[in-house]
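Chemist: Below, each chain spelled out in residue letters.
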Amino acid sequence: MSTASPSAPTGTEQTSTATLKGAEIVLKALVDQGVDVIFGYPGGAVLPLYDALFQQNQIRHILVRHEQAAVHAAEGYARSTGKVGVVLVTSGPGATNAVTGLTDALMDSVPIVCLCGQVPTHLIGNDAFQEADTTGITRPCTKHNYLVKNVDKLARTVHEAFYVARSGRPGPVVIDLPKDILVSEGAYLPPQEIAHRTYRPRTEPDLAAIDAAIDLLETAKRPIIYAGGGVINAGPEASRLLTELVELSGFPCTLTLMGLGILPASDPRYLGMVGMHGTYEANLTMHGCDVMLAVGARFDDRVTGRTDAFSPGSKKIQIDIDPSSVNKNIRVDLAIIGDAGRALELLVQRWKARKVKIDREVIGRWWEQIECWRAVNCLAYAKTDEVIKPQYAIERLYQMTRDRDVYITTEVGQHQMWAAQFFRFDKPNHWMTSGGLGTMGYGLPAAYGVQIAHPDALVVDIAGEASILMNIQEMATLKQYRLPVKVFILNNQYMGMVRQWQELMHGGRYSESYSDSLPDFVKLAEAFGATGLRATNMSELDDVIRKMLDTPGPVIADICVDQLENCFPMIPSGAAHNEVLLAPPDRKAGDSFASEDGMVLV
Amino acid sequence: MADKTAPQERHTIAVLVDNEPGVLARVIGLFSGRGYNIESLTVAEVDREVGLSRINLVTIGTPMVIEQIKAQLDRLVPVHSVRDLTENGPHVERELALIKVYAIGENRAETLRLAEIFRARVVDTTAESFIFELTGPADKLDTFIGLMRPLGLVEHARTGAAAMSRGKEPF
Numbered sequence: 001m002s003t004a005s006p007s008a009p010t011g012t013e014q015t016s017t018a019t020l021k022g023a024e025i026v027l028k029a030l031v032d033q034g035v036d037v038i039f040g041y042p043g044g045a046v047l048p049l050y051d052a053l054f055q056q057n058q059i060r061h062i063l064v065r066h067e068q069a070a071v072h073a074a075e076g077y078a079r080s081t082g083k084v085g086v087v088l089v090t091s092g093p094g095a096t097n098a099v100t101g102l103t104d105a106l107m108d109s110v111p112i113v114c115l116c117g118q119v120p121t122h123l124i125g126n127d128a129f130q131e132a133d134t135t136g137i138t139r140p141c142t143k144h145n146y147l148v149k150n151v152d153k154l155a156r157t158v159h160e161a162f163y164v165a166r167s168g169r170p171g172p173v174v175i176d177l178p179k180d181i182l183v184s185e186g187a188y189l190p191p192q193e194i195a196h197r198t199y200r201p202r203t204e205p206d207l208a209a210i211d212a213a214i215d216l217l218e219t220a221k222r223p224i225i226y227a228g229g230g231v232i233n234a235g236p237e238a239s240r241l242l243t244e245l246v247e248l249s250g251f252p253c254t255l256t257l258m259g260l261g262i263l264p265a266s267d268p269r270y271l272g273m274v275g276m277h278g279t280y281e282a283n284l285t286m287h288g289c290d291v292m293l294a295v296g297a298r299f300d301d302r303v304t305g306r307t308d309a310f311s312p313g314s315k316k317i318q319i320d321i322d323p324s325s326v327n328k329n330i331r332v333d334l335a336i337i338g339d340a341g342r343a344l345e346l347l348v349q350r351w352k353a354r355k356v357k358i359d360r361e362v363i364g365r366w367w368e369q370i371e372c373w374r375a376v377n378c379l380a381y382a383k384t385d386e387v388i389k390p391q392y393a394i395e396r397l398y399q400m401t402r403d404r405d406v407y408i409t410t411e412v413g414q415h416q417m418w419a420a421q422f423f424r425f426d427k428p429n430h431w432m433t434s435g436g437l438g439t440m441g442y443g444l445p446a447a448y449g450v451q452i453a454h455p456d457a458l459v460v461d462i463a464g465e466a467s468i469l470m471n472i473q474e475m476a477t478l479k480q481y482r483l484p485v486k487v488f489i490l491n492n493q494y495m496g497m498v499r500q501w502q503e504l505m506h507g508g509r510y511s512e513s514y515s516d517s518l519p520d521f522v523k524l525a526e527a528f529g530a531t532g533l534r535a536t537n538m539s540e541l542d543d544v545i546r547k548m549l550d551t552p553g554p555v556i557a558d559i560c561v562d563q564l565e566n567c568f569p570m571i572p573s574g575a576a577h578n579e580v581l582l583a584p585p586d587r588k589a590g591d592s593f594a595s596e597d598g599m600v601l602v
Numbered sequence: 001m002a003d004k005t006a007p008q009e010r011h012t013i014a015v016l017v018d019n020e021p022g023v024l025a026r027v028i029g030l031f032s033g034r035g036y037n038i039e040s041l042t043v044a045e046v047d048r049e050v051g052l053s054r055i056n057l058v059t060i061g062t063p064m065v066i067e068q069i070k071a072q073l074d075r076l077v078p079v080h081s082v083r084d085l086t087e088n089g090p091h092v093e094r095e096l097a098l099i100k101v102y103a104i105g106e107n108r109a110e111t112l113r114l115a116e117i118f119r120a121r122v123v124d125t126t127a128e129s130f131i132f133e134l135t136g137p138a139d140k141l142d143t144f145i146g147l148m149r150p151l152g153l154v155e156h157a158r159t160g161a162a163a164m165s166r167g168k169e170p171f
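In order, the protein sequence lines correspond to chains V and W.
Here the first sequence is numbered in this note's numbering, starting from 1 and rising by one per residue.
Here the second sequence is numbered in this note's numbering, starting from 1 and rising by one per residue.
This is chain V alone, in the form it adopts within the complex (with noise of 0.2 Å):
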């Protein structure tokens, strides 16, 4: 966009020949590729950006309080739209800082733009104040990275950064800026549908592989679906495809953490989530089965439990757009590699074509053995009149926001996964978590990254005192830019999930995982003003949650938990998906619960 004349439409021929300065061709192939919003930190080596910044209206910039949350507020941002996340940080300490968030990207297949600025190319190598070798330190945690170095070239690269973000298994891409690429001149190119050189991953799936599915699936007598963030990423549709092919087979289905709202958590065939913190049927399910569809899954060392005793007897499909994440933990029967959506559609469209009959009976009994499992009530906690359960606070958090459009992020560790068990979704979009990373600290960021994506919906990030503290500096972007984010902390004074694993597998011995000096909260909240809520005892809860609800600007809920409650049912690391752990009484005191192999394994 010229500095003259900021609304003029963008694309135009005149446009696309004259010279404009790096700074300027940036910004103009953000607004081609349809961004407005995107999340940043200036500093010296983006000056120039900033400035181009100031001088136009099209893009909406969020100053945010640490490079690390830039990238998380993006991904909450491109995961509750389907849109590209769009983050601009400076050089050094500003691209080391969004690595962590670059790795969360990476790992959850999240598609991000990530710009960063760059000492001039002659001071390259040169050790030059606030240089860091970005695409260097980038290249094993983004999925491509560029070093711009002529200005004529920059147009392209944008947009290609663009295209490899989204395209395929999407991820983050890095473009580093040297600055005088950024005040020099050079000629804008507009987006085309140009076929990128080398990369253009295969989305149409084979037919025969699906035909082969089907015959597969249309014999099986104890079918599990087990669909994650890849059914997520392929988009709305595909969610809505998934739950049709549920309906059409009857199949149980589990979701991963990644996956939750795929398939609406109402649903009678929807069994929980599979893994580590999975329900008892659910894993049991994936055990027991002889036929598993598993779609945009990636069989996670989370999901499997010990690999060689993950579902011995099933014959396994497996729908992924990406090549490598088939045969990698699991040997699969049948590889299907294509978009999830358009397998599914496919998938369903074949299955109406060829009249699948499916045999009630035989699945009539699989569902017997399903509901057997499902009887256990795995989820139960003891519920007390005093202390406030975890897992109650968040039942009645799920209760009291019915009638609400609400996203729920959350930060990791026990009560993510608590959010996890008990927050029950019926939209794809809806849950932002870290799930492969496991970072502490992203919830707060990607609450607001969703709430700037939609102003007037309910963001919570149910969050634990501790991940909570890990970027609690962003705590001034909510004010700054008036965000009506609510942080419901579930306080139990513990880095829970260590204490968990510390009183499981370690003798009870709590090594530092005890949350000394905590912040007062509700100051805490007061003091980045915002309102500050606690609750403490069962009377108080519905109240807490319901001012929390009722306040129009941003919220910390200090929920003062029970401090030693667990997060059950769990499968030990290596153990095997049917020696799940219960929570107690079905426990009984001094089990072992680590073997030795499973002791070093995370």
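The hints are simulated quantities; they were obtained by calculation from the structure and are not laboratory data.
Hints may be right or wrong, so weigh each one.
Said to hold, decoys possible - In silico lysine to aspartate or glutamate, EDC-like type, Cα no more than 16 Å apart, as pairs:
1. V:427 x V:542
2. V:389 x V:542
3. V:149 x W:20
4. W:100 x W:124
5. V:153 x W:20
6. V:427 x V:267
Since the model is a prediction, treat every value here as computed from it, not as a measurement.
Could you slot chain W onto chain V? The hints should help.
Modeler: Just chain W, lined up with the frame of chain V:
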């Protein structure tokens, strides 16, 4: 890994990549980051106009790991194509070595005699030494270097394998 007991296989893989900065670092970083083995790796530009480089690499792993290596290589953005030469029919594999041998007196004749048997070329000589240039499959180079060791091997430099499939098809 599900097949950690499976036997290890040696595979020669050819990769065509965009000749852009950092592409070799991406490939090597992939191997170190994911704990794969590189037995040898060669890289050079093969098409200046298009800006294409060819990487020939030799790796060792179980069949599942080899499959992963290929899938992981293929999803690197600047990679054009990945071909497993070991899996795709017969191929030729050649490596070049420079071998410096200290040789005086009667050892000189013996050294040269062995070199002749292996068709190693003398590319440098002094009154006390030779440098041989030897091309061939890796095991031929191994054998020759082994023979030179007791005779006075000083040092050797090897290029790693360059390889391509037999027949008229590319790769």
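Chemist: Decide, hint by hint, whether the structure agrees.
Modeler: These are the hints, each one checked on the structure:
no., hint, result
1, V:427 x V:542, "violated (25 Å)"
2, V:389 x V:542, "holds (13 Å)"
3, V:149 x W:20, "holds (12 Å)"
4, W:100 x W:124, "holds (9 Å)"
5, V:153 x W:20, "holds (13 Å)"
6, V:427 x V:267, "holds (12 Å)"
Consistency with the previously given hints fails for number 1 only.
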